[in-house]
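Trainee: Each chain is listed here by its residues.
2 protein chains.
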Amino acid sequence: MGRTLVYPKVQKNTIHRKDFRATYDLSTIHSIINDTPVLHVSFNSLDPKDPFPTILPMIGIMGSFAFPSADLNEPLDCYLHGYVSSGIMKQVRENPESGLAITIAATRVDGIVLSLTPNSHSYNYRSAVLFGYGSLVDDMQEKLWAMEMITNSVVPGRWDQTRTPPDKAEMASTTILKVKIVNGSGKIRTGGPGDEKKDTEREDLLRRVFTGVVPMWETVGEPVAGGAGRVEQVPEHLRAFRDDTNKVNEKYAKTAAVEKI
Amino acid sequence: MGRTLVYPKVQKNTIHRKDFRATYDLSTIHSIINDTPVLHVSFNSLDPKDPFPTILPMIGIMGSFAFPSADLNEPLDCYLHGYVSSGIMKQVRENPESGLAITIAATRVDGIVLSLTPNSHSYNYRSAVLFGYGSLVDDMQEKLWAMEMITNSVVPGRWDQTRTPPDKAEMASTTILKVKIVNGSGKIRTGGPGDEKKDTEREDLLRRVFTGVVPMWETVGEPVAGGAGRVEQVPEHLRAFRDDTNKVNEKYAKTAAVEKI
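Just so you know, the sequences run in chain order E and D.
Counting from 359, one number per residue, gives the positions in the first sequence under our numbering.
Counting from 359, one number per residue, gives the positions in the second sequence under our numbering.
Derived by calculation from the structure, the hints in this document are not laboratory data.
Just so you know, even glycine gets a beta-carbon here, dropped at the ideal spot from N, CA and C.
Any given hint could turn out to be false.
[Said to hold, decoys possible] Here are the computed lysine-lysine pairs in the DSS-like style, where the Cα-Cα straight-line distance is at most 25 Å: (1) Lys605/E - Lys556/E; (2) Lys376/E - Lys612/E; (3) Lys612/D - Lys407/E; (4) Lys612/D - Lys605/E; (5) Lys618/D - Lys376/E.
[Said to hold, decoys possible] Label pairs and their in silico Cβ distance ranges: (6) Glu554/D - Val606/E: 50 to 56 Å; (7) Val364/E - Asp408/D: 16 to 22 Å; (8) Gly515/D - Gln591/E: 42 to 48 Å; (9) Glu590/E - Asp429/D: 55 to 61 Å; (10) Arg566/D - Lys376/E: 50 to 56 Å; (11) Pro366/E - Val368/D: 55 to 61 Å; (12) Val606/E - Lys605/D: 20 to 26 Å; (13) Ala424/D - Asp601/E: 49 to 55 Å; (14) Gln591/E - Asp408/D: 31 to 37 Å; (15) Phe425/D - Gln591/E: 50 to 56 Å; (16) Val368/D - Val606/E: 40 to 46 Å; (17) Val368/E - Asp562/D: 33 to 39 Å.
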């Protein structure tokens, strides 16, 4: 119902190979980013003699501070949390107007696709890439809002179960990067294996080679009490998170193994 | 026993924050790369006006064609398989001497670390980054060797269970990137949560907040027959792969939840 926003197809983000698997749909791409526990964030060195992009693992979530109730189909910023070295801080600070050019990648593997010949093997997967300009969140209200959103993206409801709000020192030592997204794309593979005629016509192969999909998914185990706290019983917000995540992950991988989603 | 090779610590790869979690050990870093189903591969655009690094999800494995029996502690190349667009091919071909500067990242999440306050929350994880120069593998013997190694890295023994070797057209249409590694680093977090004294001294928090670790691991499900093949029983190489992977993944995550590994 209603409009479906898409990222503009330009040279940078257009997927040419197997383009029937490509998506430019904001909602789909933002979902993949949000559902991936750790994102890979890449940007260039300030040093023109350093040819290697840096890649950092960071936790990230899509959101809009101006319109907090915006849904995944809306234009959103990506808020990133993770250690930001003095080198990166310097790069971000040196680009106060435009921000630092950042590429964000998320990939989830949903299964191994086994066909008659190695060349047709594949993964079922969901991947997304976003391009945008990053700046540090200095506004304390926005920073606090982002910290709560990021914490709750890891375990829903966790923020309110802990000692909050962060004190002044914690607010100062935490860095949140806000990436204004300019473009993005996604790619999704689901379903069983495909083989070429030259192989599917060979009776010997059909009788010898197991073809199909091995579903794979991330499992959340039983929480193990430890550390300073003395609560031994697993609280409801953790129990629900575990049950929901396992149900969703397993169901998606098993469905993707047998049908196009 | 014997020597332990490490990547040289230079500005690019030195981990400053929580450096007790850093590793430069070849064996550890190569293991993380090999055990991660999909790697993120990043490099710069040929177009100097494009500020965004490209990131591609690819399958990769460490190996040495010159010394195929080399173990993970030896200097190894990273062989990457995945769709290589005409644009990348062009970039690689235009750097025949040095190769294309490539950064490779792998991250596995092993658990969610729950502490008294959001700021001390964390993941248990294993991450690795490699820097190197990529070129296309043109030698047919090396290409075939790499294809077999990559296939068997996804499911051990799979190559011999399928229709091999690839025919001429398949060899021509498959691209293998070989990345000569010049440097790398890894970072690993294991164990339970840590909290600051200001929180661990508060009885109200200790009684209210559940602290500990939620272990997480990748689960391999029951293979689902599908596609052209007519074998219905799951073959031994798949059964063993599934059992071994699940055992190793679950055990690591659960151990990491309670002790430093």
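Trainee: All hints, please: hold or fail.
Mentor: Here is how each hint holds up against the structure:
no.: 1; hint: Lys605/E - Lys556/E; result: 39 Å, violated
no.: 2; hint: Lys376/E - Lys612/E; result: 23 Å, holds
no.: 3; hint: Lys612/D - Lys407/E; result: 43 Å, violated
no.: 4; hint: Lys612/D - Lys605/E; result: 20 Å, holds
no.: 5; hint: Lys618/D - Lys376/E; result: 44 Å, violated
no.: 6; hint: Glu554/D - Val606/E: 50 to 56 Å; result: 34 Å, violated
no.: 7; hint: Val364/E - Asp408/D: 16 to 22 Å; result: 21 Å, holds
no.: 8; hint: Gly515/D - Gln591/E: 42 to 48 Å; result: 45 Å, holds
no.: 9; hint: Glu590/E - Asp429/D: 55 to 61 Å; result: 44 Å, violated
no.: 10; hint: Arg566/D - Lys376/E: 50 to 56 Å; result: 51 Å, holds
no.: 11; hint: Pro366/E - Val368/D: 55 to 61 Å; result: 39 Å, violated
no.: 12; hint: Val606/E - Lys605/D: 20 to 26 Å; result: 24 Å, holds
no.: 13; hint: Ala424/D - Asp601/E: 49 to 55 Å; result: 51 Å, holds
no.: 14; hint: Gln591/E - Asp408/D: 31 to 37 Å; result: 53 Å, violated
no.: 15; hint: Phe425/D - Gln591/E: 50 to 56 Å; result: 55 Å, holds
no.: 16; hint: Val368/D - Val606/E: 40 to 46 Å; result: 43 Å, holds
no.: 17; hint: Val368/E - Asp562/D: 33 to 39 Å; result: 54 Å, violated
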